[in-house]
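Protein sequence lines, in the order shown, are assigned to chains H and F.
Residue 1 is where the first sequence starts when you use the numbering used here, and the numbers rise one by one after that.
Residue 1001 is where the second sequence starts when you use the numbering used here, and the numbers rise one by one after that.
None of these hints come from the bench; they were simulated from the model.
Owing to the predicted nature of the structure, the values given are computational and were not obtained by experimental measurement.
Hints are supplied without guarantee of correctness; some may be wrong.
What the hints assert, rightly or not - Heads up, simulated DSSO-like pairs for lysine-lysine below, C-alpha to C-alpha not over 27 Å straight-line: (1) H:Lys248 / F:Lys1746; (2) H:Lys260 / F:Lys1744; (3) F:Lys1398 / F:Lys1500; (4) H:Lys248 / F:Lys1744; (5) F:Lys1746 / H:Lys260; (6) H:Lys248 / F:Lys1738; (7) F:Lys1689 / F:Lys1747; (8) F:Lys1689 / F:Lys1398; (9) F:Lys1504 / F:Lys1021; (10) H:Lys248 / F:Lys1747; (11) F:Lys1398 / H:Lys260; (12) F:Lys1592 / F:Lys1244.
As the list claims (entries may be wrong) - Here are some chain F residues the structure puts well away from chain H; computed CB gaps all over 12 Å: (13) Ser1172; (14) Arg1173; (15) Gly1437; (16) Lys1463; (17) Asn1669.
In this text, a Cβ means the ideal position worked out from N, Cα and C, and glycines have one as well.
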Amino acid sequence: MQNFTYHAPASLAEALALKNEDDAGTRFLAGGTDLFLAMEFAGEPVKTVVDLKKIPELTGIEELPGGGYRLGALTLMGQIEAHQGLRAQYPALVDAATVVGGPPIRNRATLGGNICNASPAADASTPLLALGAELVAVSAEGERSLPLGDFWSGPRQNALKPGELLKEVRLPALPEGGACAFERLTRSAMDIAVVNAAAAVSLDDAGNFASAQAALGAVGPVVLTVDGLGDALRGQPCSPEILEQVRKLAEAAAQPIDDKRASAEYRRDMAGVLAMRAVERAQLLARQGKGDEK
Amino acid sequence: MEAQDLKIVGRSIPRVDVTSKLTGQALFGEDVKLPGPLLHGKILRSPHPHAIVKRIDTAAAEKLAGVKAVATAADLPDVRIGKNLKDEHYFASDKVRFVGDRVAAVAAVSREIAEEALRLIEVEYELLPALTNPIDAMRPDAPLVHPDLMNYQVVAAAQPEGGNVCSLNSLSRGDPEAGFAEAHQVFEQQYITEMQHQAYMEPHACLATYNPDNTYTVYTSTQGIFGMRNSVAEALGVPQNRVKVVGTEIGGGFGGKIVMKDEVAAATLSRKSGLPVRIVMTRAEDFMCGNPRAGFYITIKTGVSKDMRMVARTMEIVLDGGAHAMGAALMCWALPQFAEGPYSIPNLRVTSRCVYTNKANSSAFRAPGGPQTNFAVESETERIATAMGWDALAFRRKNLMPEDHPNLAGTPMRSVNVEETLDAALEISGYDPAQTGLGPNRARGLALGNWNVGGMPTGTVLKMNDDGSANLITGVVDLTGVNTSLTQVVAEALQLPVEKVTVKSLDTDSAPHAAQSAGSQTLKSMGTAAVQAAQEVKQQLFELAVEELDATPDNMELAEGEVRVQGSPERTVAVRKLLAKHMANSGPVVGKGGTGAFSRMPSFCAHIADVDVDSETGRVTLLRYCASQDVGVAINPVICIGQVQGGVAQGVGMALSEGLTYQDGQPQNTGFLDYKIPSALDLPMIETKLVEKPAVEGPFGAKGIGEPPCVPVPAAIANAIYNAVGVRVTSLPINPEKLRRAIKAKKEGQASS
Ligand SMILES: Cc1cc2nc3c(=O)[nH]c(=O)nc-3n(C[C@H](O)[C@H](O)[C@H](O)COP(=O)(O)OP(=O)(O)OC[C@H]3O[C@@H](n4cnc5c(N)ncnc54)[C@H](O)[C@@H]3O)c2cc1C
Chain H
1 MQNFTYHAPA
11 SLAEALALKN
21 EDDAGTRFLA
31 GGTDLFLAME
41 FAGEPVKTVV
51 DLKKIPELTG
61 IEELPGGGYR
71 LGALTLMGQI
81 EAHQGLRAQY
91 PALVDAATVV
101 GGPPIRNRAT
111 LGGNICNASP
121 AADASTPLLA
131 LGAELVAVSA
141 EGERSLPLGD
151 FWSGPRQNAL
161 KPGELLKEVR
171 LPALPEGGAC
181 AFERLTRSAM
191 DIAVVNAAAA
201 VSLDDAGNFA
211 SAQAALGAVG
221 PVVLTVDGLG
231 DALRGQPCSP
241 EILEQVRKLA
251 EAAAQPIDDK
261 RASAEYRRDM
271 AGVLAMRAVE
281 RAQLLARQGK
291 GDEK
Chain F
1001 MEAQDLKIVG
1011 RSIPRVDVTS
1021 KLTGQALFGE
1031 DVKLPGPLLH
1041 GKILRSPHPH
1051 AIVKRIDTAA
1061 AEKLAGVKAV
1071 ATAADLPDVR
1081 IGKNLKDEHY
1091 FASDKVRFVG
1101 DRVAAVAAVS
1111 REIAEEALRL
1121 IEVEYELLPA
1131 LTNPIDAMRP
1141 DAPLVHPDLM
1151 NYQVVAAAQP
1161 EGGNVCSLNS
1171 LSRGDPEAGF
1181 AEAHQVFEQQ
1191 YITEMQHQAY
1201 MEPHACLATY
1211 NPDNTYTVYT
1221 STQGIFGMRN
1231 SVAEALGVPQ
1241 NRVKVVGTEI
1251 GGGFGGKIVM
1261 KDEVAAATLS
1271 RKSGLPVRIV
1281 MTRAEDFMCG
1291 NPRAGFYITI
1301 KTGVSKDMRM
1311 VARTMEIVLD
1321 GGAHAMGAAL
1331 MCWALPQFAE
1341 GPYSIPNLRV
1351 TSRCVYTNKA
1361 NSSAFRAPGG
1371 PQTNFAVESE
1381 TERIATAMGW
1391 DALAFRRKNL
1401 MPEDHPNLAG
1411 TPMRSVNVEE
1421 TLDAALEISG
1431 YDPAQTGLGP
1441 NRARGLALGN
1451 WNVGGMPTGT
1461 VLKMNDDGSA
1471 NLITGVVDLT
1481 GVNTSLTQVV
1491 AEALQLPVEK
1501 VTVKSLDTDS
1511 APHAAQSAGS
1521 QTLKSMGTAA
1531 VQAAQEVKQQ
1541 LFELAVEELD
1551 ATPDNMELAE
1561 GEVRVQGSPE
1571 RTVAVRKLLA
1581 KHMANSGPVV
1591 GKGGTGAFSR
1601 MPSFCAHIAD
1611 VDVDSETGRV
1621 TLLRYCASQD
1631 VGVAINPVIC
1641 IGQVQGGVAQ
1651 GVGMALSEGL
1661 TYQDGQPQNT
1671 GFLDYKIPSA
1681 LDLPMIETKL
1691 VEKPAVEGPF
1701 GAKGIGEPPC
1711 VPVPAAIANA
1721 IYNAVGVRVT
1731 SLPINPEKLR
1741 RAIKAKKEGQ
1751 ASS
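Excised from the complex, chain H in its bound form:
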């Protein structure tokens, strides 16, 4: 491991001031489950590490007054996994958080780290994108919010400006009759996704799709949305033909490459399969949700 200077600010203000001193070689540290690996094995040169773990403003999971949730950037995968409120409304996010590493990793790995690390295979990022999450970033200049879809520009590249950090994630309320689901293809545990997919749908009173969004991981430089899905599904029942359309749209949205884990061809194929499964399962959950209400 390389030598670096270590700071552990106790407040947001202190952290932002620190980072201003030397932006180029400075990195924020949350759980370190990505950062330290990059430093140790990929030789990423880092001069200063600013540990965020003591900053209270970055923690907490709270339901928002108008529906939806606020999740502090330091929220652990393990906390998401154990959160009953999230589990009831956002099973896609909870399922994704639950497959990240093993229990020790989930007690270190943060949601903010998963997003900021900007890996196209980041499991928790895919459902957040399908759910239309917003991010709140903060710098010495103040706070700004931006849609998650605008956050990543490439592998390991995010929209944070020098000195800016991710403060929290805002999950919008699900529409009436909405539900979501997450799918991933790997070995049973402790594995990086070959492909992952998440879908959020809502149904109208007739049981047809009212809205639908899906996202795909590990099939492009960043986590991708499946364009045109909402338009294609609105007003339609969940039939084999419609699912076939989901598959086609997902295959078209995917921009995979060949790498040592899978060929581009297989990844595209799986993007279609997993998107179909995620939509189908989300739709089933939505149906059950409606059934429960009655």
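Dock chain F with the ligand against the given chain H, drawing on the hints supplied.
Just chain F with the ligand now, with coordinates in the frame of chain H:
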């Protein structure tokens, strides 16, 4: 063997090493500490798969503060080493032949400084084209990995053919070509398997120290201390008595910890620096420089008669040997002796070639060559039966080898329990050949397995203590619970409670020569030696008791700390008393035992895998796994069951996910993220049945069982996949992408026809 009245053998006593392992007190390779300062060694390894080394300059590294020694080929005698074929320089001198080949070594006061020093060593390479596929390497115009091959000294087993073929072996019986001509139907198919790493938990780790009396002590995580000592002495160019190897606790070996690794570098650095030097491989180094299971290319051709007999077969096998012959040459030699499978084929020829490539040196991995050849043999059994419309089980039964069947080397196969073993698996699983389907995309698959276990020269000493307790001195490494089983063997032989027997694995200075813990023969060899040693002890006691008991030694027996006259339990004398008498007359009672090489004897297994295939993703889920194992006698049943379950787990990895991959000679998956072994969640409970029928040799009739359980796994799973989705995959691993492609191709084929 007669039915035996056994008291201690056959019981699942807790392992003797359980407390030290569970409390974290066991010392593994990296844990060894000596008083005083210690240096950290690092190895400079070739970044190129194939290159001429033109110049090495270590001056800058030597000057770095904190560096205490740098070693290169110049510090060792200019000899080629190798157990079967002397084809390797310890440090590359002329060429590097794979990514990871050892070029130089550094010892420094910290790991970081040692790593920094490696960066300061300048090596000038002239790159050569790299071979990553043995079939390409056999082309006449292929570059030569070892241009001097035909001048190399052969030690054992290797039979160089020339070109890149470092060993060729072909054995036959009958006339396969005539057999094909007369056959009712002939089948031919190629099967391919990939290099598989042993994926033990503990990477290679050692510590060496050069002592003031001009000797070396090497602590290392190895499967065989004597083989290690001999290799180290050879490379250092010193007599064997001047090297002491101490085996540490070993965090898994599976054949991967037989070959010497960085021990000589550590010893040389210690000699140069005057301080102990520890070298621990990173996981990436271990993947890069380990000794994986060889990848195989098998062309198998079979002629069958109308009445379900296999009348002729040829197997042309090409092994991906990697950069040096090592154990792959031995495997190449041994292959024709077991590739027939559990069958008897009148006209048979097996030809194996071990081919150099610019990849890691393949060597031994649990049943070397077994799972690869079995994958071809047992896939073909089912493929042929399906094509002929036969019941695959009946087809198997018709061709099983009988007792005393001579293998291709002419060795009679004794204690053939294949039929019983097959029946046991059928019974626990409820397998019905007419009903292999379990629902849509779900089915079961069967494969039989065979593996020949010999024995290796091994000696031991059994010391009796004044109070009648006993210590067995052994030079075997306690892998797989062997010291526990040996404790039971000695306790049984001397009729002592297990608490009064201690079995200790000592170092090469203290223990008589013992074989490596490998080849499934450790308990068989050492146990036989221990029984002999116990026999000697008994003899000494019985002779002394002649006076007291007024009986002849052959009428005496040991029981409950006494020597008794058989049939007259009242005529006894205490063992303690006899021991004291012996001590006064002629010193302590010590028994000595030794065995040479045993002939090879088969152990059989039958496995049934139940799978679910996700036909849209190609992902295979194991629903259930049943395995029967022919064990002769289970000295410790729980340990035997553990061996079966572990073997199956490794077989599942080979079948579904594992394989070292290379791109232009560069290893692609040198960590557990990309080298995928099954996790606990990928495995169902493995149901086992031990088939007990005492074998004609081995302690109390025990057979070798460590290796066989991984043999039939890939074939059983491949057969289950075929039964589930009608797709026969002929290369391993059957990963989701490969299976999905095959399923798609089949669908498209059906759609277009
Ligand atoms: C064994 C193992 C298994 C894993 N399995 C999975 C898996 O199955 N699925 C998966 O998706 N991931 C997996 N990961 C990756 C990793 O655990 C996750 O991506 C995790 O969520 C990262 O969070 P962290 O807190 O550890 O981030 P860190 O490593 O601390 O940071 C990651 C990056 O984000 C930056 N950063 C962190 N927080 C902020 C912030 N608030 N503002 C600005 N920048 C920030 C850091 O500077 C760094 O560049 C695994 C990792 C390991 C070691």
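Verification of the supplied hints:
1. H:Lys248 / F:Lys1746: Roughly 21 Å separates the two Cα atoms, so the pair holds.
2. H:Lys260 / F:Lys1744: Roughly 21 Å between the alpha carbons, so the hint for Lys260 (chain H) and Lys1744 (chain F) holds.
3. F:Lys1398 / F:Lys1500: violated, 50 Å
4. H:Lys248 / F:Lys1744: holds, 16 Å
5. F:Lys1746 / H:Lys260: holds, 25 Å
6. H:Lys248 / F:Lys1738: holds, 22 Å
7. F:Lys1689 / F:Lys1747: violated, 39 Å
8. F:Lys1689 / F:Lys1398: Holds, at roughly 23 Å.
9. F:Lys1504 / F:Lys1021: holds, 15 Å
10. H:Lys248 / F:Lys1747: Status holds; Cα separation ~18 Å.
11. F:Lys1398 / H:Lys260: Roughly 44 Å separates the two Cα atoms, so the pair is violated.
12. F:Lys1592 / F:Lys1244: It holds: about 22 Å lies between the C-alpha atoms, which stays within 27 Å.
13. Ser1172: Its Cβ never comes within 12 Å of chain H, the nearest being 41 Å, so this holds.
14. Arg1173: Non-interface label on Arg1173 (chain F) holds, nearest chain H Cβ at 44 Å vs cutoff 12 Å.
15. Gly1437: holds, 24 Å
16. Lys1463: holds, 46 Å
17. Asn1669: violated, 7 Å
Checked against the numbered hints given earlier, this structure breaks hints 3, 7, 11, 17; the rest are met.
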